Amino acid sequence: MTQVLFPDTLDQAVALLADHPEARPIAGGATLVAMRNAGLVDSSHLISLDRIAGLRGIERLADGRLRVGAMTRHADTAGSDLLTGSLMVVRKAAGMIANKVVRNMGTMGGSVANADPAADYLPALACADAVLSFLGPEGARDVPILDYVQDWYETALEPGEILTAITLPAPEAAASTYRKIARVSGDYATASCAMALTADGQGLRVAIGACGPGPIRDRDAEAALHGHLHDAGAVAEFAAALVALADPVDDVRGSAEYRLALIPRLITLVLAELNPVMEAA
Amino acid sequence: MKIAGEFQVDAPQDRVWDKVRDPELMVQCIPGCESIEQIDPMAYRAKVSVKVGPISARFNLVVTVLSEEAPHTVISRTSGEEGTRASVVSSDNVLRLEPTETGGTKVSYEADVSMTGRLGKFGLGIFRKKADQLADVFVETFRHKLEVAA
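Residue numbers (the numbering used here), protein chains in the order written: chain A, 1 to 281; chain B, 1001 to 1150.
No lab work stands behind these hints, which were simulated from the structure alone. Keep in mind it's a predicted model, so treat the numbers as computed, not measured. Warning: the hint list may mix true and false statements.
Claimed, not checked - Pair by pair, the computed Cβ-Cβ distance ranges are: (1) A:Asp231 with B:Glu1140: 36 to 46 Å; (2) B:Arg1096 with A:Ala234: 24 to 34 Å; (3) B:Pro1099 with A:Asp231: 30 to 40 Å; (4) A:Ser185 with B:Asp1022: 34 to 44 Å; (5) A:Ala240 with B:Ile1039: 51 to 61 Å; (6) A:Pro264 with B:Ile1039: 48 to 58 Å; (7) A:Ala15 with B:Arg1096: 49 to 59 Å; (8) B:Asp1022 with A:Val184: 49 to 59 Å.
From the three backbone atoms N, C-alpha and C, an ideal C-beta is built for every residue, glycine too.
Next comes chain A alone, as it looks inside the complex (with noise of 0.2 Å):
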């Protein structure tokens, strides 16, 4: 038998989890729900953040930037005209996960929190430069989102602690999109990326999805191809280098090396859906 508690502030959830060290944070439960039923996960306790006010929707900071509440649909992330520009592949992402009924229960607290090697929005968010908010028993901490997965289904997120927001930076007028490869609509991906063109339009930055425990992302490589991006050798030595950091696995949805051949294309093909100067060119 599973109990579920209901706490209505974070500091009592945490207080729920130190508790019952085998309880578990449950936020719209469409990933952790089907596991429980699939006898994949148990927990004598579910602590469900539902009741908690505060964490849910997008609001704009004095600063600019964007927080989402980890509560947050993915229905509503989807909908969102607070993600503009540089953050439109945030939007992009959330309006690709599953399908209605999944987007409008699970969150993205819940999602990133599970950190799911194919699922949508730890590349859009590696992309957007996001930093994750955590409150556990020793306070709270932020983690940038490329330090947040560390291993398969590992992460920052210690036991006892929760995610409690997603933090982006304040959008540029820039474009950005996400794309995903999925044998049909609403799965998950057999490949990703997330891309964003810089604020001077002669840069990118890129992050590959569901081809290693995390999303792939090179600062250096990016660097190397500001104001290089109408040069096809450039683009591939780009694309070449995100190769050399992925480490895909054999699975039904496709084969490392059936992923691997997928990186190049994608960034390709989502480059000129981004920069449609460079079709011309």
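Given the coordinates of chain A, work out where chain B should sit on it, guided by the hints.
Chain B only, in chain A's frame:
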């Protein structure tokens, strides 16, 4: 799921052979291994825990040596289940030892693992990655035990 690898140990083949058949050493080298007991000259019983992200599993395994040719080949079969849970794991294993030119030993292994039940649902892709990581930990510990405690 096929898992294979090889590594070298800076110890002579006879010594490595003795150690691969020593349950007390193996329990210290296999990551997540809680116990190994010898149930007859050709069979062992082991308890091994594995954790992948949110999923924890604890297996009761029986390893049966099907044939061995001292001091270079062991062919074995592992079968086991996860307590009251519906996961069943089995694997066919081959272990080979060969002397190296420098007086050490090359150890190579192959295992063909199959998993059914709840863990099969989770997908073998991630388990393969995990298996590779566990193999690295095993090699590191095994090598350390043989080379340092010589």
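Hints versus structure:
no.: 1; hint: A:Asp231 with B:Glu1140: 36 to 46 Å; verdict: 44 Å, holds
no.: 2; hint: B:Arg1096 with A:Ala234: 24 to 34 Å; verdict: 47 Å, violated
no.: 3; hint: B:Pro1099 with A:Asp231: 30 to 40 Å; verdict: 53 Å, violated
no.: 4; hint: A:Ser185 with B:Asp1022: 34 to 44 Å; verdict: 55 Å, violated
no.: 5; hint: A:Ala240 with B:Ile1039: 51 to 61 Å; verdict: 53 Å, holds
no.: 6; hint: A:Pro264 with B:Ile1039: 48 to 58 Å; verdict: 53 Å, holds
no.: 7; hint: A:Ala15 with B:Arg1096: 49 to 59 Å; verdict: 55 Å, holds
no.: 8; hint: B:Asp1022 with A:Val184: 49 to 59 Å; verdict: 51 Å, holds
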